[in-house]
Each structure stands twice: as C-alpha cells, then as structure tokens.
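Undergrad: If you want the building blocks of each chain, they are given just below.
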Amino acid sequence: MKSEYDILVVGGGPGGAIAAWTAARLGLSVCLIEKRPAIGAPVRCAEGIGKELLKSFIEPDPRWVSADIKRARIVAPDGTTIALDENKAGAEVGYVLDRKFFDRELVWQASKAGSDVFVKTRAVAPIMEGRHVRGAVVECCGKRQDVRAKVTIAADGVESKFARWCGIDTTIPLTEMMSCVQYLVTDIDIDPNSNDFYLGNDVAPQGYLWVFAKGERSANVGVGIPASKNKPDMRARDYLDRFMRENFPNGKIIECVVGGDPVSRPLPCTVADGLMIVGDAARVVDPITGGGIGNAMYTGRLAAEVAARAIAQGDTSKAALMPYEEEWRSSKMGKNLERNYKVKEYFITLSDEKMNTLAQSIEGINFSEITVMALLTEIIKRNPKMLLELKGLTHALV
Amino acid sequence: MLQIHREICGYCGACVSVCPEGALELVDAYLTVESDTCRCCGICTKACPLGALEVTDEE
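Sequence order for the protein chains is A and B. With the first letter of the first sequence counted as 1, position 268 gets the number 268 in my numbering; the numbers rise by one all the way through. With the first letter of the second sequence counted as 1, position 36 gets the number 36 in my numbering; the numbers rise by one all the way through.
Since the hints were made in silico from the structure, they are not lab data. Hints should not be assumed to be uniformly reliable.
[As the list claims (entries may be wrong)] SDA-like mimics (lysine to any residue), calculated; alpha carbons at most 20 Å apart, straight line:
id	chain 1	residue 1	chain 2	residue 2
1	A	Lys-100	B	Tyr-11
2	A	Lys-100	A	Cys-256
3	A	Lys-2	A	Gly-142
4	A	Lys-231	B	Val-27
5	A	Lys-100	A	Val-119
6	A	Lys-318	A	Ile-127
7	A	Lys-381	A	Thr-357
8	A	Lys-143	B	Asp-36
9	A	Lys-143	B	Val-27
10	A	Lys-231	B	Thr-56
11	A	Lys-229	A	Pro-173
12	A	Lys-120	B	Glu-21
13	A	Lys-231	B	Cys-40
14	A	Lys-55	A	Glu-105
15	A	Lys-120	A	Gly-130
16	A	Lys-120	B	Leu-26
17	A	Lys-51	A	Met-333
18	A	Lys-229	B	Gly-10
19	A	Lys-231	B	Gln-3
20	A	Lys-51	A	Arg-71
21	A	Lys-100	B	Cys-41
22	A	Lys-231	B	Thr-45
23	A	Lys-229	A	Leu-267
24	A	Lys-231	B	Cys-41
25	A	Lys-229	B	Glu-54
26	A	Lys-229	A	Met-355
27	A	Lys-318	A	Lys-354
28	A	Lys-112	A	Arg-71
29	A	Lys-231	B	Val-55
30	A	Lys-354	A	Asp-78
31	A	Lys-229	B	Gly-42
32	A	Lys-231	B	Asp-28
33	A	Lys-354	A	Arg-382
34	A	Lys-120	B	Thr-56
35	A	Lys-318	A	Phe-197
36	A	Lys-51	A	Met-373
37	A	Lys-229	B	Cys-41
The structure presented is a predicted model; accordingly, all values stated were derived computationally and were not measured.
Build the full structure now, drawing on both the sequences and the hints.
TA: Structure representation (structure tokens):
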C-alpha cells in the first residue's frame with residue numbers, strides 16, 4: 001500500500017467499487033479498502049435492482065444475476081393482490097442479483113482499471129488538517145499506516161463511522177432505521193419470475209415482507225420493520241419466523257442475514273473539505289422500497305467524476321466538491337428520494353383497513369410501469385374518492 | 001453496562017448507526033463497544049433485529 005493516492009475509498013460495496021472504478025478510469029491513483037475479509041460477504045441485502053439502472057453501469061452477467069424478474073405482486077393485509085405485470089416492467093423490479101459475485105465483479109473491474117484494493121483493512125481515523133480531510137489512518141492485520149489522499153470517499157455503508165469521525169452527525173433516528181432479517185430459502189414453491197411484497201401490521205408493521213425469487217425453488221424471504229417497532233418478544237426475526245411457519249413450513253433455510261436499512265432523508269450535506277459520502281453512508285436509500293444498490297452506484301460514480309475535476313483544478317475544498325451534492329440532489333434520484341420519503345411518511349400512518357381499500361380499488365389493473373408514481377396515479381384515477389384519502393400526499397406529488 | 005450476546009449477534013451494524021454517542025463499531029466485522037463512551041441508553045438494544053444487545057446492571 002502506498003502512502004499517498006489521489007482518491008482513498010473507504011468501503012468496497014457497490015458505491016465504493018464504482019467510485020474506485022470510475023476514478024481509476026479517469027486516470028487517478030486510487031486505493032480502495034474494505035474492512036471485511038472478503039468483498040461481497042456477508043450479504044446484507046434483498047439483492048433486487050431495476051434492469052435499466054443496472055445496465056447503465058454494467059452489462060448483466062448470468063454469473064451474478066440469480067433471477068430475471070417478470071412480475072411483482074403486492075399483497076394487502078386481507079390478501080388482495082395487486083399484480084404488476086411485466087412486459088412493461090419498470091424501475092422497482094428487474095434482476096435479483098447474487099451480491100457475493102456482483103460486488104466482487106465491481107471491485108475486480110475497479111482493480112483492472114488500476115485501483116489498489118485491500119481487504120481486511122479498515123480506516124481507524126481520518127487524517128485531518130484543520131477541518132480538511134487528508135486521507136485516513138488504516139489498519140491491516142494489526143499494522144497501522146497513514147494513507148494520504150486528495151479526496152476521501154466514505155462508502156462505508158449503513159454502519160458508517162468515517163463521516164462521523166470527520167465531524168458529521170450520521171446518527172439515524174430509531175424510527176427511520178429498518179430492522180431487517182432475511183433467509184435464503186430453498187425447496188419452496190414460488191413463482192421464479194416474481195418478486196412479492198406483503199403488507200400489514202400482522203406481517204410487518206410499518207414495513208413489508210418480501211419474497212424475492214432467486215431461482216426455480218429458492219427465494220430471499222425477508223422482513224423489515226422500523227427499529228422502534230422491535231419488541232423484546234416480537235422482533236423482526238419473529239415476524240419472519242411466523243411467516244415461514246405459515247407459508248413455507250418445509251423450506252430449507254441455507255442462509256440468514258440481518259441488517260439495518262436507513263429509510264430517512266439523506267444526510268443534510270454529503271461533502272466536506274476533502275470528503276465525499278456515497279451510498280448507504282449518505283443515506284441515499286429509497287425510503288419506500290429500502291433499495292439502495294443503484295443509488296449507491298450512481299452516487300459513487302458521480303462522486304468520482306466530481307473529485308477528478310476538483311483534483312485537476314487543485315482544489316478539493318468543500319466548495320469545489322459541492323457540485324456532487326448539488327447534482328445528485330437535483331437529479332431524478334434525488335427528487336425520487338424526497339418524494340418517496342413523503343409518500344413513505346404518509347403510508348406508515350395507514351391502517352390495515354385503509355390499505356385493503358386502496359388495494360381493492362386498483363386490483364386487476366395492468367400497470368404501464370412498475371413505479372411508486374404509477375401506482376399512486378392509478379389509485380387516484382380508479383377511485384377519485386381516494387383523492388381525499390390521499391390529500392396528505394398531494395404536497396409530495398406536485 | 002451494554003452486553004453483546006455474541007452467540008446471537010449477526011454483526012450487521014444496525015445498532016452502530018443509531019447510537020447517538022458513536023460508541024459501537026464493527027471491527028474486523030465484529031461488534032465492539034467503547035465502554036467509556038457508551039451511556040447505556042439502550043437505543044441500540046431496540047434496533048437489533050435479533051435481540052443481541054442488552055443493558056445490564058453488571059459492572
């Protein structure tokens with residue numbers, strides 16, 4: 001490991017990997033460090049991503065695409081099912097990845113482009129000159145060394161500490177941290193081309209339970225509820241176990257993963273002098289679906305591009321890095337995050353009865369695209385009375 | 001004090017990002033707590049999907 005780079009990337013998930021890959025392709029010297037012993041493991045994700053979004057970064061490869069999703073189904077508390085048919089498929093479903101291989105592929109590409117990559121290597125402190133971040137003290141196998149960088153990109157995921165060490169408060173309120181548990185289940189009868197979402201207070205209060213196909217007879221079956229809803233005798237895992245008993249009693253659980261998913265607004269500011277924050281660390285996770293792979297990649301690429309320009313100009317101050325913040329916030333992603341946050345805040349207030357009514361009003365419709373906006377538009381079109389019910393949302397939809 | 005039940009913990013980090021003091025950290029993918037910083041407020045115990053954290057009276 002050299003002692004000085006143009007870019008130091010802390011974290012080897014999709015956001016960090018794309019940042020490193022992009023920066024290396026732009027001719028910068030890049031160091032990517034990952035604290036875990038292996039890239040992509042353990043998986044902490046339901047692994048779904050929209051097709052077009054994925055293709056804007058990398059061509060899909062059967063080695064890391066587990067399932068090609070053609071349909072989605074939303075199951076209301078009373079069992080009413082909204083079927084979202086495929087050929088029109090849109091943003092929210094697409095592929096279910098195999099993150100163990102996908103993440104490795106991205107880091108491999110970053111490495112091939114020229115990035116230095118180090119696993120089992122963690123940042124233990126930022127190097128600060130006044131308020132300017134100049135890299136990090138990193139530790140690998142008990143040995144510490146300074147790695148100086150013109151720009152440091154914090155891509156250290158939901159459990160991000162680096163930005164906090166640099167003086168940015170990254171604490172997530174308990175109500176906005178989704179507490180998630182997921183099993184990889186085999187030997188179950190599922191539709192191998194469908195992703196299913198179950199709603200309701202019995203199934204997942206203020207959250208949802210998912211069954212994402214991972215092959216002919218395998219699926220990621222998981223649940224996310226706000227951390228504030230965890231009770232000593234009814235935690236996320238208890239909701240999942242109950243669903244498993246009732247729906248897949250003979251399923252074989254071959255993997256169990258747990259994690260937190262931030263469904264808050266993004267951090268108020270994602271840049272500082274010499275520092276950029278991307279992906280889950282920046283809280284750019286869709287507040288409704290909890291999906292974050294695509295947004296992490298988008299912010300990772302943008303951060304690297306802006307950093308490259310700033311380094312070329314010899315100025316890596318907060319002001320010089322601010323175009324990153326401005327661009328993602330004004331992008332489609334940024335606008336969707338803000339809108340979906342408001343929609344989420346509204347939907348978590350709905351009772352099961354209201355959710356059933358909403359589902360019944362749009363049951364049987366063939367949607368032109370699978371997006372939150374399409375769903376809401378159809379609800380209002382089919383059931384104008386719902387406009388009154390949804391008045392709390394109008395400010396989010398204009 | 002905050003007790004980590006390591007046999008239950010999934011080392012996912014959900015507790016790390018809700019800790020108002022930044023007292024929790026994943027080190028080499030294992031959860032650690034800085035006992036000097038931890039105020040034993042118990043927020044992390046609520047965030048854990050598995051119930052691996054507990055505030056006890058033990059010193």
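Undergrad: All hints are to be evaluated individually against the structure, with a verdict given for each.
TA: Each hint, compared with the structure:
About 17 Å separates the Cα atoms of Lys-100/A and Tyr-11/B, which keeps this hinted pair within 20 Å; it holds. For the hint pairing Lys-100/A with Cys-256/A, the CA-to-CA distance comes to about 14 Å; that is within 20 Å, so the pair holds. About 17 Å separates the Cα atoms of Lys-2/A and Gly-142/A, which keeps this hinted pair within 20 Å; it holds. Only pairs whose Cα atoms come within 20 Å are accepted, and Lys-231/A paired with Val-27/B is rejected, the gap being roughly 27 Å.
Distance restraint check for Lys-100/A and Val-119/A: the Cα-Cα separation of roughly 14 Å lies within the 20 Å cut-off, and the hinted pair is therefore satisfied. A distance of roughly 16 Å separates the Cα atoms of Lys-318/A and Ile-127/A; the hinted pair therefore holds under the 20 Å criterion. Distance restraint check for Lys-381/A and Thr-357/A: the Cα-Cα separation of roughly 14 Å lies within the 20 Å cut-off, and the hinted pair is therefore satisfied. For the suggested pair Lys-143/A and Asp-36/B, the alpha carbons sit about 24 Å apart, so the restraint of at most 20 Å is broken.
Between Lys-143/A and Val-27/B the alpha-carbon distance is near 14 Å, which keeps this suggested pair within the 20 Å criterion. Only pairs whose Cα atoms come within 20 Å are accepted, and Lys-231/A paired with Thr-56/B is accepted, the gap being roughly 17 Å. For the given pair, Lys-229/A sits about 12 Å from Pro-173/A by alpha-carbon distance, which is consistent with the 20 Å threshold. With a CA separation close to 25 Å, the supplied pair Lys-120/A and Glu-21/B exceeds the 20 Å bound.
Distance restraint check for Lys-231/A and Cys-40/B: the Cα-Cα separation of roughly 18 Å lies within the 20 Å cut-off, and the hinted pair is therefore satisfied. Straight-line distance between C-alpha atoms of Lys-55/A and Glu-105/A comes to about 14 Å, which keeps the hinted pair within the 20 Å bound. For the given pair, Lys-120/A sits about 29 Å from Gly-130/A by alpha-carbon distance, which is inconsistent with the 20 Å threshold. Of the supplied pair hints, the one linking Lys-120/A and Leu-26/B holds, its CA atoms being roughly 12 Å apart against a limit of 20 Å.
A C-alpha spacing of about 15 Å is found between Lys-51/A and Met-333/A, which places the hinted pair at or below 20 Å, so the restraint holds. Our distance criterion of 20 Å between C-alpha atoms is met by Lys-229/A and Gly-10/B, whose separation comes to about 19 Å. Restraint check for Lys-231/A and Gln-3/B: satisfied, since their Cα atoms lie roughly 18 Å apart, inside the 20 Å limit. For the given pair, Lys-51/A sits about 13 Å from Arg-71/A by alpha-carbon distance, which is consistent with the 20 Å threshold.
At roughly 35 Å between alpha-carbon atoms, Lys-100/A and Cys-41/B are farther apart than 20 Å, so this suggested pair is violated. Of the pairs offered as hints, the one joining Lys-231/A and Thr-45/B holds, with about 10 Å between alpha carbons and a cut-off of 20 Å not exceeded. For the hint linking Lys-229/A to Leu-267/A, the alpha-carbon distance of about 23 Å lies beyond 20 Å, and the restraint is violated. At most 20 Å may separate the alpha-carbon atoms for a hinted pair to count; Lys-231/A and Cys-41/B meet this at roughly 16 Å.
For the suggested pair Lys-229/A and Glu-54/B, the alpha carbons sit about 17 Å apart, so the restraint of at most 20 Å is met. Among the hinted pairs, Lys-229/A with Met-355/A is consistent with the structure: their alpha-carbon atoms are about 19 Å apart, no more than 20 Å. Annotation: proposed proximity of Lys-318/A to Lys-354/A is violated, straight-line Cα distance about 46 Å (limit 20 Å). Taking the CA atoms of Lys-112/A and Arg-71/A, the gap is near 36 Å; set against the 20 Å cutoff, the hint is violated.
A threshold of 20 Å between alpha carbons decides the hint, and for Lys-231/A with Val-55/B the separation of about 15 Å falls inside it, so the pair holds. As the CA atoms of Lys-354/A and Asp-78/A are separated by approximately 11 Å, the hinted pair is consistent with the 20 Å bound. Between Lys-229/A and Gly-42/B the CA atoms are separated by roughly 14 Å; this keeps the pair inside 20 Å, and the hint holds. Annotation: proposed proximity of Lys-231/A to Asp-28/B is violated, straight-line Cα distance about 29 Å (limit 20 Å).
At roughly 15 Å between alpha-carbon atoms, Lys-354/A and Arg-382/A fall within 20 Å of each other, so this suggested pair holds. Between the alpha carbons of Lys-120/A and Thr-56/B the distance comes to roughly 32 Å, so the proposed pair goes past 20 Å and is violated. As the CA atoms of Lys-318/A and Phe-197/A are separated by approximately 41 Å, the hinted pair breaks the 20 Å bound. For the suggested pair Lys-51/A and Met-373/A, the alpha carbons sit about 18 Å apart, so the restraint of at most 20 Å is met.
For a cut-off of 20 Å, the pair hint linking Lys-229/A to Cys-41/B stands: about 17 Å separates their Cα positions.
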